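Since each chain sits alone in its own frame, please combine them into the complex, following the hints.
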Amino acid sequence: MPQFTINRQHAEPVGASAELVYDVLTDYNTYGEWMPLIAKGHLMAREGDLAIVEFDLTSGAHFTVEGIHTRNRMVLTRPIAGDCPFTKMQWDIQPEDSGKSRVSLAVRLRPNVKMLPSAFGWCKGSVRAFTAHLSAYSADVSVSGPDGEKLLEVMETEDGLVCWMNGKKYVMKESQ
Amino acid sequence: MIKAVINVAAPRYHVYQVLTDYEKYKQWLPNCTGSVIASREGNRVDTDITVNMMKTVTMGLRFESDGAHSLTFSLLKSSDLKGYSGSYRLMDAADGVGTVVITEMDLDAGGMVPRFMVDRMAKKSIDDTGNALREYIKKLPPPAAPPPAAAGAVEAAKPAPVAARPKRARRVLRVRKTASGYQIWYMGREFEVKG
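Heads up: the protein sequence lines correspond to chains A and B, in order. Residues in the first sequence are numbered consecutively from 0, following numbering that gives the first Met the number 0. Residues in the second sequence are numbered consecutively from 0, following numbering that gives the first Met the number 0.
One chain only, chain B, in its complex shape (with noise of 0.2 Å):
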């Protein structure tokens, strides 16, 4: 399985958008050249997707998404890849703006192709996505507010919130008169000053 994170200047639920909108991958995803919805049943939309890398490959694929939390693609059929499955998780960054985007993908092309260069192309594809998908939606406008039912899904997939920690004094300095001398404590470190 390989990974990667991105962190994505825009609130998840225009993420979300995006990585749904399956219709217009072609207008992002690297090598793409033709996505069409095969059929669409709550939460799961099966598509047929067209990739031009070293030759043209047609894969049918299902996605899932889990509210604006999570989205994750499976193979349905394809006579190149034995196997092609990942996932994105979307999580609001810690600094309140965007959205941390975590990407799995495993792909199998089959006996004939060593691992290590599977993972090698998939590392490369999983990258290449990151930032294509970064690159589009800085250009796409601003998003408006989310349509209430893009809201509420959002809501509804947001796990409890962590609640804020008051803030733990520190000390950061600290001189002692002993017995012997004065005993200087800095940042974890303590040193002793003969009197």
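Chain A with its partners taken away, still in its complex shape (with noise of 0.2 Å):
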């Protein structure tokens, strides 16, 4: 029998390269950073264009899901057990000729009383707090333009947090 479902779409250019978006959707341990109503995301395994992801929900619920992927362009998860509020998830990618891309993200919601009043604005949300969350690895060298002068810049790196303050750069150590 099938499953009623809500569906919902947003889409919304973003100012980064369609593999720097990529790179980042399939980065599943920082989910809990950005996207809304998820508190953590846990990759399990990775193989080829598959990876086996848990979630942890704000709301305490628990899921595991199989991401699908096809470099640089989509991201689809699905669940495979626990109480997932989706029945897929699919974020699609679309360069543009300026080098930048356009994300757009399609879910099937399930119905959830609980969830309903979050689940409408989920998506648009969600895009939201990825564009937001993009933001952090946009490269800015300059120090000072049109947006003013950067005072101090942390960043977090390879080599541990590197700070860059009045145009100079400092490598961070733990402090015990």
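Bear in mind the hints are in silico, worked out from the structure with no lab data behind them. Careful, some of the hints might be misleading.
To be verified - Using C-beta positions, here's what the derived DEER-type ranges look like: (1) 95/A x 39/B: 38 to 48 Å; (2) 4/A x 188/B: 27 to 37 Å; (3) 107/B x 157/A: 44 to 54 Å; (4) 47/B x 10/A: 47 to 57 Å; (5) 82/A x 127/B: 16 to 26 Å; (6) 111/B x 29/A: 48 to 58 Å; (7) 157/A x 37/B: 50 to 60 Å; (8) 82/A x 36/B: 34 to 44 Å; (9) 167/B x 97/A: 16 to 26 Å; (10) 37/B x 136/A: 28 to 38 Å.
To be verified - Straight-line C-alpha distance at most 27 Å; calculated DSSO-like pairs for lysine-lysine: (11) 122/B x 168/A; (12) 54/B x 25/B; (13) 176/B x 167/A; (14) 23/B x 81/B; (15) 166/B x 172/A; (16) 166/B x 167/A; (17) 168/A x 166/B; (18) 25/B x 81/B; (19) 39/A x 81/B; (20) 25/B x 122/B; (21) 39/A x 176/B; (22) 137/B x 122/B; (23) 122/B x 76/B; (24) 166/B x 99/A; (25) 87/A x 122/B; (26) 2/B x 87/A; (27) 23/B x 87/A; (28) 25/B x 39/A; (29) 99/A x 123/A; (30) 123/B x 167/A.
Since this is a predicted model, take the numbers as computed values, not measurements. Even glycine gets a Cβ: it sits at the ideal position worked out from N, Cα and C.
Here is the structure:
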């Protein structure tokens, strides 16, 4: 019997390349930092274009999904087990001539009375939150520009936390 | 189709060995009271398995393995079930320890049993099987290095490795001085501090 679902879709241009968008969308361990209602994401396994991921919702619910990827084009997640609020969640990435891209998110939500108030805005909210999260990865090396003078910037890099202050770079060390 | 995922704290070849050691199923598979191999041809093995649930059910199951990557099973004969099929897919865990097992199962008990009841039974069965597999492997002695044939099967079954991608530099905090004051960007959110 077909399952009743609520379909939602939202698209927005993003100031990043398709490659960066794809990399961030397939970095499931960071979903808890930006996606509404998601408390934590944990990559269980990844082989080729398939990933198995566990998610915890802020409500305490827990579910597992399979992620199916088409490099720089599409990230599709479908539930495998647990209380997953959707039956399908698909991000499509469309590269644009400018080198930037456009993302669209389509979700098929399961009707859930508890989640319904937040579910309607979830799709749009997720795209907005993703765009904001993406801004953390944009390359911005200028010290001054039309947006003002950069006084301080802290970046998380392969070398650890790096700080730029007044145009000078410092590598930060953890203090015990 | 009912699905479940479990993480087993053992290397993939070890999990594969346990899943393909059909004659030992009665040692760990819930409600299994007998399992014999009827015939074997390459990676295809026909078995006769007896399970004792509400009643004793004997079924002919065919297992087909694809290296150490996946194992499928399908019903050959049964006087009680109309259909029973599924698969185990094995993936190396992302943390480098253990194996992620994705199990799928479809059970058809015939028209006399409502679908929702069958699905509920199948869900319980798949969860119990996963837990039993995990516990059984935990009790086994630590595996020695895989025999060359098994190691070869594991390697052959592995898809092309995913290239480790370099960690992208990610901004955590930025403070800018603008004409109207200070602009603070913190973890994707922007705040204005008026001068």
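Against the structure, the hints:
no. : hint                      : result
1   : 95/A x 39/B: 38 to 48 Å   : violated, 56 Å
2   : 4/A x 188/B: 27 to 37 Å   : holds, 32 Å
3   : 107/B x 157/A: 44 to 54 Å : holds, 52 Å
4   : 47/B x 10/A: 47 to 57 Å   : holds, 55 Å
5   : 82/A x 127/B: 16 to 26 Å  : holds, 20 Å
6   : 111/B x 29/A: 48 to 58 Å  : holds, 49 Å
7   : 157/A x 37/B: 50 to 60 Å  : holds, 56 Å
8   : 82/A x 36/B: 34 to 44 Å   : holds, 40 Å
9   : 167/B x 97/A: 16 to 26 Å  : holds, 20 Å
10  : 37/B x 136/A: 28 to 38 Å  : violated, 57 Å
11  : 122/B x 168/A             : violated, 56 Å
12  : 54/B x 25/B               : holds, 16 Å
13  : 176/B x 167/A             : holds, 16 Å
14  : 23/B x 81/B               : holds, 25 Å
15  : 166/B x 172/A             : holds, 19 Å
16  : 166/B x 167/A             : holds, 22 Å
17  : 168/A x 166/B             : holds, 19 Å
18  : 25/B x 81/B               : holds, 23 Å
19  : 39/A x 81/B               : violated, 41 Å
20  : 25/B x 122/B              : holds, 20 Å
21  : 39/A x 176/B              : violated, 34 Å
22  : 137/B x 122/B             : holds, 23 Å
23  : 122/B x 76/B              : holds, 22 Å
24  : 166/B x 99/A              : holds, 20 Å
25  : 87/A x 122/B              : holds, 21 Å
26  : 2/B x 87/A                : holds, 15 Å
27  : 23/B x 87/A               : violated, 38 Å
28  : 25/B x 39/A               : violated, 38 Å
29  : 99/A x 123/A              : holds, 20 Å
30  : 123/B x 167/A             : violated, 60 Å
Checked against the numbered hints above, the structure breaks hints 1, 10, 11, 19, 21, 27, 28 and 30 and satisfies the rest.
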